[in-house]
Amino acid sequence: MCAFLPPSIFLLAQESSASLESAEPSPEAGQAAIEALSTEQKREILERVLRSAQLHQSLGSLTVALRDGGLPMIGEALGIDVENGGLIKGGSMPLGGGEAVEKFLEGVKRSADKESGR
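Numbering (the working numbering), first residue to last: 1 to 118.
FYI, nobody ran anything at the bench for these hints, they're computed from the structure. Glycine included, every Cβ here is placed at the ideal spot set by N, Cα and C. Mixed in with the good hints, there may be bad ones.
[To be verified] Computed Cβ-Cβ distance ranges for the label pairs, DEER-style:
| # | residue 1 | residue 2 | range |
| --- | --- | --- | --- |
| 1 | G96 | R48 | 29 to 37 Å |
| 2 | E35 | G90 | 48 to 56 Å |
| 3 | P6 | M93 | 30 to 38 Å |
| 4 | G117 | M93 | 32 to 40 Å |
| 5 | L59 | D81 | 19 to 27 Å |
| 6 | L37 | V64 | 28 to 36 Å |
| 7 | L55 | A112 | 28 to 36 Å |
| 8 | G90 | P6 | 38 to 46 Å |
Work out the full structure: start from the sequences and follow the hints.
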């Protein structure tokens, strides 16, 4: 999971002033920072990210967008394999409400399974 987060999070965790000089650290610097941290440090960072107000706000915005009919566009933009393209079966209207959120999550799982070869 660490590889999916911005490298700057791990560089900040190491409090490396040399690494903070550039606006966006290189992928190599980010990978080195991740490898330098212990498993416990990585776990603590992931917990902070998962509990952050920014993540919760973003998930709330995503949920609203999905419920309001954005499933087809969001699925396509993220490359998520959404059933029936996110549209109501046999129609051209996008799914909405809780059903859209459910289909999105199913699509994320299906896409992750394909990627991992399951």
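Problem set entry | Numbered hints the structure breaks, given as an ascending list | 7
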